[in-house]
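Engineer: Spelled out from the first residue to the last, the chains are:
2 protein chains.
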Amino acid sequence: MDGYLIKFNNMQKLPLNKAFMLLEPGPVVLITTVNGGKNNIMTISWHMVMDFTPQFAMLTGPWNYSCEALIKNKECVIAIPTVDISRKVVEIGGCTGADTDKFRKFRLTPLKAKSVKAPLIKECLANIECRVTDHIRKHNIFILDAVQAWIDAGRKERRTIHANGDGTFVVDGRTINYRGLMTAKLPPGV
Amino acid sequence: MDGYLIKFNNMQKLPLNKAFMLLEPGPVVLITTVNGGKNNIMTISWHMVMDFTPQFAMLTGPWNYSCEALIKNKECVIAIPTVDISRKVVEIGGCTGADTDKFRKFRLTPLKAKSVKAPLIKECLANIECRVTDHIRKHNIFILDAVQAWIDAGRKERRTIHANGDGTFVVDGRTINYRGLMTAKLPPGV
Numbered sequence: 157m158d159g160y161l162i163k164f165n166n167m168q169k170l171p172l173n174k175a176f177m178l179l180e181p182g183p184v185v186l187i188t189t190v191n192g193g194k195n196n197i198m199t200i201s202w203h204m205v206m207d208f209t210p211q212f213a214m215l216t217g218p219w220n221y222s223c224e225a226l227i228k229n230k231e232c233v234i235a236i237p238t239v240d241i242s243r244k245v246v247e248i249g250g251c252t253g254a255d256t257d258k259f260r261k262f263r264l265t266p267l268k269a270k271s272v273k274a275p276l277i278k279e280c281l282a283n284i285e286c287r288v289t290d291h292i293r294k295h296n297i298f299i300l301d302a303v304q305a306w307i308d309a310g311r312k313e314r315r316t317i318h319a320n321g322d323g324t325f326v327v328d329g330r331t332i333n334y335r336g337l338m339t340a341k342l343p344p345g346v
Numbered sequence: 157m158d159g160y161l162i163k164f165n166n167m168q169k170l171p172l173n174k175a176f177m178l179l180e181p182g183p184v185v186l187i188t189t190v191n192g193g194k195n196n197i198m199t200i201s202w203h204m205v206m207d208f209t210p211q212f213a214m215l216t217g218p219w220n221y222s223c224e225a226l227i228k229n230k231e232c233v234i235a236i237p238t239v240d241i242s243r244k245v246v247e248i249g250g251c252t253g254a255d256t257d258k259f260r261k262f263r264l265t266p267l268k269a270k271s272v273k274a275p276l277i278k279e280c281l282a283n284i285e286c287r288v289t290d291h292i293r294k295h296n297i298f299i300l301d302a303v304q305a306w307i308d309a310g311r312k313e314r315r316t317i318h319a320n321g322d323g324t325f326v327v328d329g330r331t332i333n334y335r336g337l338m339t340a341k342l343p344p345g346v
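Protein chains in written order, with the numbering used here: chain A, 157 to 346; chain B, 157 to 346.
There could be a bad hint or two in this list.
Remember, identical chains collapse to one label, so a pair may be satisfied in a single copy or spanning two.
[As the list claims (entries may be wrong)] For lysine-lysine, the following PhoX-like pairs were computed, each having C-alpha atoms within a straight-line distance of at most 25 Å:
{"#": "1", "residue 1": "Lys270", "residue 2": "Lys341"}
{"#": "2", "residue 1": "Lys268", "residue 2": "Lys244"}
{"#": "3", "residue 1": "Lys228", "residue 2": "Lys294"}
{"#": "4", "residue 1": "Lys294", "residue 2": "Lys230"}
{"#": "5", "residue 1": "Lys258", "residue 2": "Lys341"}
{"#": "6", "residue 1": "Lys268", "residue 2": "Lys194"}
{"#": "7", "residue 1": "Lys194", "residue 2": "Lys244"}
Derived from the structure by calculation, the hints contain no laboratory data.
Use the sequences and the hints to build the structure in full.
Structural biologist: Have a look at this one:
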């Protein structure tokens, strides 16, 4: 592990049954991995919720440097960045871990995770520790099962960003509430 | 096909290479199918882009009435609703096509698609005609390849909604532009 890995964790535990709520809205996320002692980060929008347990799917392939780490170590962290670090999120997607220490270059702080070796990112709103439980090679789909989730509960900026695919991003706006229409459909505890 | 299917199409053709941009931000979408002459609609957030071609993945299983139509007819339409019809979108997710004609109940207008039998939805911002090209039963994942895309280019309301998973939804806010940072990474034509 990197020498600069910080062991103090500012994140509070988030009940696992609420972790799907972080990905359900479809934000741009960061995926951290560690491979041969080197931490890495990639930026992705190609992910979806698969179950409330929670389970996620993510699409990536050999064109991404992180793919080898996912296949080899079968774990990662999904970190949820907010609009305040959106420029870094885009820049992280524009360079490769093959020649760049992205934590150092973008001044992000790796925090020790509890159940996986990949680090959490201190500057993100939340982090989900995941194990890779399946890899559908034909479609470049990784199946991720969450094992721990963390949230920076005191954080003021909570607006995530969503990629439009053309280099522009939409920021979360107002929230509308239809809980009354959905009570029968909501999973327990959310 | 239903007698009330309207053949006049207010949608303009959207180049297929831009259609991934409709799903990349992760909005709540409507999926239309037709089975035994009956149109149906379901509401989902569990989808992701897989390729710019465009190809999408969507998660659904036998617990959804639309699943049979997807397996049997191997086609659907992904319709993109905006905030003005968000209440209908939630209510569509709260009832089943087994006993409800959702187009009729929610006063939505089915438009004849060009390449599939499932209908477009006139009241949506855009519609993507898709063929089911694979079904990963183990994970309840459907792989969808788009064959035609349509957009209501004159529409003023273009803000989509994103499910938080607890019955609340976040509406698109402002747009930020990082095209200058991403030119090397953008697919051609977007």
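Engineer: Need the list of violated hint numbers for this structure, in ascending order.
Structural biologist: Violated hint: only 1; rest satisfied.
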